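Number of protein chains: 4
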Amino acid sequence: MIIVMEESATEIQIRRVAEKLTELGFEVHQSKGERHTVIGAIGTRQTDSQEFELLDGVGQVLRITAPFKLVSRDFNPEGTRIKVADVEIGGDAVVIMAGPCAVESQEQVETIAGHVARCGARVLRGGAFKPRTSPYSFQGLGVEGLKILRRAADRNNLLVVSEVMDSSQIPAFLRYVDILQVGARNMQNFCLLKDLGRIRKPVLLKRGPSATYEETLLSAEYILSGGNRQVILCERGIRTFETYTRNTLDISAIPVFKKLSHLPVVADPSHGTGRRDKVVPMARAALAAGADGIIIEVHHSPETALCDGTQSLFPDQFEQMMQQLRLIAKAINRRIALNRGLQTDSEECGCGSRRAS
Amino acid sequence: MIIVMEESATEIQIRRVAEKLTELGFEVHQSKGERHTVIGAIGTRQTDSQEFELLDGVGQVLRITAPFKLVSRDFNPEGTRIKVADVEIGGDAVVIMAGPCAVESQEQVETIAGHVARCGARVLRGGAFKPRTSPYSFQGLGVEGLKILRRAADRNNLLVVSEVMDSSQIPAFLRYVDILQVGARNMQNFCLLKDLGRIRKPVLLKRGPSATYEETLLSAEYILSGGNRQVILCERGIRTFETYTRNTLDISAIPVFKKLSHLPVVADPSHGTGRRDKVVPMARAALAAGADGIIIEVHHSPETALCDGTQSLFPDQFEQMMQQLRLIAKAINRRIALNRGLQTDSEECGCGSRRAS
Amino acid sequence: MIIVMEESATEIQIRRVAEKLTELGFEVHQSKGERHTVIGAIGTRQTDSQEFELLDGVGQVLRITAPFKLVSRDFNPEGTRIKVADVEIGGDAVVIMAGPCAVESQEQVETIAGHVARCGARVLRGGAFKPRTSPYSFQGLGVEGLKILRRAADRNNLLVVSEVMDSSQIPAFLRYVDILQVGARNMQNFCLLKDLGRIRKPVLLKRGPSATYEETLLSAEYILSGGNRQVILCERGIRTFETYTRNTLDISAIPVFKKLSHLPVVADPSHGTGRRDKVVPMARAALAAGADGIIIEVHHSPETALCDGTQSLFPDQFEQMMQQLRLIAKAINRRIALNRGLQTDSEECGCGSRRAS
Amino acid sequence: MIIVMEESATEIQIRRVAEKLTELGFEVHQSKGERHTVIGAIGTRQTDSQEFELLDGVGQVLRITAPFKLVSRDFNPEGTRIKVADVEIGGDAVVIMAGPCAVESQEQVETIAGHVARCGARVLRGGAFKPRTSPYSFQGLGVEGLKILRRAADRNNLLVVSEVMDSSQIPAFLRYVDILQVGARNMQNFCLLKDLGRIRKPVLLKRGPSATYEETLLSAEYILSGGNRQVILCERGIRTFETYTRNTLDISAIPVFKKLSHLPVVADPSHGTGRRDKVVPMARAALAAGADGIIIEVHHSPETALCDGTQSLFPDQFEQMMQQLRLIAKAINRRIALNRGLQTDSEECGCGSRRAS
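Chains as they are written, first to last, in the numbering used here: chain A, 1 to 357; chain B, 358 to 714; chain C, 715 to 1071; chain D, 1072 to 1428.
No lab work stands behind these hints, which were simulated from the structure alone.
Fair warning: there could be bad hints in the mix.
Counterexamples of contact, computed for chain A against chain D with all Cβ distances above 12 Å [what the hints assert, rightly or not]:
id: 1; residue: GLU6
id: 2; residue: ASP56
id: 3; residue: ARG175
id: 4; residue: ASP178
Simulated pairs of lysine-lysine, DSS-like, Cα-Cα distance not exceeding 30 Å [what the hints assert, rightly or not]:
id: 5; chain 1: D; residue 1: LYS1091; chain 2: B; residue 2: LYS616
id: 6; chain 1: C; residue 1: LYS915; chain 2: C; residue 2: LYS797
id: 7; chain 1: D; residue 1: LYS1330; chain 2: B; residue 2: LYS389
Note that the structure is a prediction, hence the values are computed from the model and not measured.
Backbone N, C-alpha and C fix where the C-beta goes; we use that ideal spot for every residue, glycine too.
Extracted from the complex, chain A is given alone in its bound form (with noise of 0.2 Å):
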């Protein structure tokens, strides 16, 4: 930490700080410039540098070392490799993560699931409890929704990924669901990250609307800092000026964190665009970027879809995307994850995933 005393700062102020800098164990230099005193603190003990920002006279102070720890690319250089049954999510292969917006039935759940592993994922996503802007809002099918996902998701060999609201429905989500989703607007719920810390399944982490690298990569810390290291980062959009997207999503977001931090990085070109017809591009830019994953909404009927239909691909689509991710994940030296476990008999399957590769 490096602390610049202001030009009217007193002896006696630098002294204050040289002293408080000494007491919490840091090695003190001073060193005084043709305006400024500047002090610096030598030591690896964690301190939160706005505790001096407001000591009288100090005009600056820089933090040296990132605030985050256990997070941080340094504890991991290897990068984190999430194993979950036969799926890696981490390693050489892009893994896809599809599914609706919301539970709505076992039969609408059946449909996608079967869609979508056919042609290549590898994760069941789907909303059973879903956080609306307005009360008046469909509000999920809660539990009877994460059954449903099981269920589907046993029959297509795919894991289930799923939002978690709130630390009461942490055992249900224990049960049933291999990844526990962190919703965007719960990305500094501080009590569930906790509660999350304690668990020993992946949690995967969506960034805040107005969340800052830094504070995503902090509120990650919680989990790990409780003992679970299985977390995934998801880069899902964040709000700017612009209203034409739903979201801005920020695809610089995945090398910057894949730079800072070991742990996966996924996208949602789904929230993050808000609108059908951007998906597609935006899946390619985020793998084409780095992604280590793409979570992406797939409806077989859109325009009948209690949530977000409006940016839900159709089945078509998403089989057409997955064939130019195929190619894109070739161009940089990756491979999109395949579901080898999955049973198919059938030449005609709706989409021509064998075909294709």
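Mind docking chains B, C and D on chain A? Use the hints.
Okay, now just chains B, C and D, sitting in the frame of chain A:
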């Protein structure tokens, strides 16, 4: 609701939209322009306009009525006044809420509470459960902090407002606290909002850092629709590109909320700016713009505060601010609520409120 | 300037940075922390810190001194007062600038100028050259508009402020206008700024919709460094995610600019909100926060205005606002500048409301 | 245009709106809902919807047709292809534009031009007139810089694109430059736009840092409506709350502009991120999302560059990027434009990789 079909919309697509509206109980009017067919839906049924945006051939959907009901100004044109003991929020008198950022000790809180009460504050603020960006920062004293606040408030004829972070904490808050605060980062924690809809104590709801006016009002609607009509809206700064101030206090939110809703509106210039020397001018501005209350951080020794010391006023700054606020209130035909119940028997009190008025 | 080397920086990289600093005339201090080497550069030479950020091995660069000089408060701690005829901007009296958005006709401007002058305005505002988002919108009357403003101002003892859009227009402005306004969209039109640095009339510089405080001050620095010391800063709202108001008027910019710079600061609540019913509360707020002036749109018949009628005050709203502003000014030990030179036949009528209606 | 009257609108107010529409040549349809009267205006006359928003009794105004015409995709559904010499922008082949941030010397530009041409760039970029935030930063070589670019481009079969900052510079640009660039900060410098509408050379228009899609297209409309149909849109990053990257490159702007407009779209990942190690992933992403071109900074020695060295690629990084871009282009059925006219002494070496490494 008005639906503008795309130029290329087919007769079948137009018919489908009309039928869906009729099914939902709307009266349907159709008119053909030179390029676009426009469908008007007449009726009062609450519906999600997004459901229509995704139908084939639909270009734009215009919602005519606001998406919120119970919080709407129409619902209570006179404006809501929330009374707790001898304090009224939303009436002619402007209510000052003050106290430390975080509860640190009984002694600390007592000192500050005594001071702000003598200066005219009616509510004691202080964090017992602290939402902190980093897991390594001070997380608050918890229930013990609530007890400290209660004791200090009772001795100084103050109410207590404090932030509840999770539904599991509600019972403790009901016991020790008068007004439950929802923090900005929890503004869309819908599980918490629903649970707060079931209690019968006032809730001070902070606007999220990237929440629109409408989203903020819809979060309040969650609480009101649960049966709890006592909600106070709080503008505390939004996240913008400017980083010199911690947030950008959106003063215009005050007249906007007052127009759209009947709920009382307070402003938080401490978190809204994050800089001590900007707090007083912004408190004055908020009052001049029509705020029903100001919530402000004061610390008798901000330099040793465990959190947010940089934005806490010194006691004498608070005292001077109160004198300015009294004059500005008068200029706009309001007044600052007085703490009449306070037993003071000394002339030399830290704050010369009686002399000032 | 302080340079923190990366943990992995080599001795050679460290030496290169030190040498470059020495070449530039800085005295160099080096200190080794447990992980990072820190290099302090002492000296007053103005340098671009970015030049160092890109050297190999450099982690962070901390600029110690502000990047602006002539606009800095240090440069003129007393604050700059700009005098034109009998009007002083930046002194104790707050100056009100008012008039139509666009100049439409001599009659229109005369009517409004007379009204606002009687109410206490000292400067007549009005657009002759109009920057319009669409090429199909009314683009202004041009030089003819400037002449109209001049005549109306002279008859009412007002100064004229109007927006100059291009350097080629400067000669006409020097002839007819007292204060040249740079619009928000031209705040970083550096060619224009340089040319305005060469004139000797005051410039009112509007903050760009996404300009930081620092960038705004650097744009002012362009003008001052050209030799023109008469710059007035104007906060007119920034672009945020909130679209209910046209812009978000950043009231905190007022105390921030007043602290960082010696230049006078005015606020524009008309463009800052874009909504007539928010203009008056925001004008009050700006004044309460310390503005040296308010620039505001008034139209005797906003419903027929050729531009921005939605945000123009009606004459009687302006009059009532002036009365409120006088009281608030008094509350913070200031006053509203009076138009003493104005010939009024009645002493008791600060504002000729009866005659106006 | 559809006008929704307020619930409280009187018969007279409704009639006034209808009359005004009729006067303007619209056919008027009126329908009464349970609460609101809705007025539909049928006709093709271009009108400013804001004119109606301010009429008494008007609640909302819904514009049905886009505010731009000539730039609209409808106007040229096939898409515009801009041809200069043997380069086509907007066709199947993706055009790479590369070069230094600022022109520093003939030697510097020659070195870079030769390298990027051998790697497949078709356009040489470089700033001769530099818009700099601070008046104390390097302001460019001016016309001399344009000449340097021209000579280096001619020797390497490249076109030249460079930023024009002011109308007075246009004649020099017409002489030396093939594509005139409008910088982000000048995107709403309407005088400049109008003057560029009168020339007959292509204009590369950068989106402003806080410009919406619609505003960007309206700025392009200024140029087209002046008669110059050769406009290339450029996404170069918007300003958001995130400061880790210099701007947030809004990749979704690419498919949005391609859908709304017929104009070619390029992306600038150098300014869009401001960080060298993010440029390549974002260039890949932009291409994958459908960009017609990439404009990128390359410097043979970024560490000594006079501006923006931190975001310039090293020559070998550029070369590797080009190889990745070729593969990604193929994956989406496009290709990178080749520099066939370039005299190279080896057929098998599109890019001087052996020499560079």
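Evaluation of the provided hints:
Chain D leaves GLU6 of chain A outside its interface by the beta-carbon criterion, the shortest separation being 23 Å against a cut-off of 12 Å. Distance check on ASP56 of chain A: its Cβ is at least 28 Å (rounded) from any Cβ of chain D, clearing the 12 Å threshold; non-interface status holds. In this structure ARG175 of chain A is separated from chain D by more than 12 Å, as the shortest Cβ-Cβ distance comes to about 37 Å. Chain D leaves ASP178 of chain A outside its interface by the beta-carbon criterion, the shortest separation being 29 Å against a cut-off of 12 Å.
Between the alpha carbons of LYS1091 of chain D and LYS616 of chain B the distance comes to roughly 29 Å, so the proposed pair stays at or under 30 Å and holds. A distance of roughly 10 Å separates the Cα atoms of LYS915 of chain C and LYS797 of chain C; the hinted pair therefore holds under the 30 Å criterion. Using a Cα cut-off of 30 Å, the hinted pair LYS1330 of chain D and LYS389 of chain B holds, with the two alpha carbons roughly 25 Å apart.
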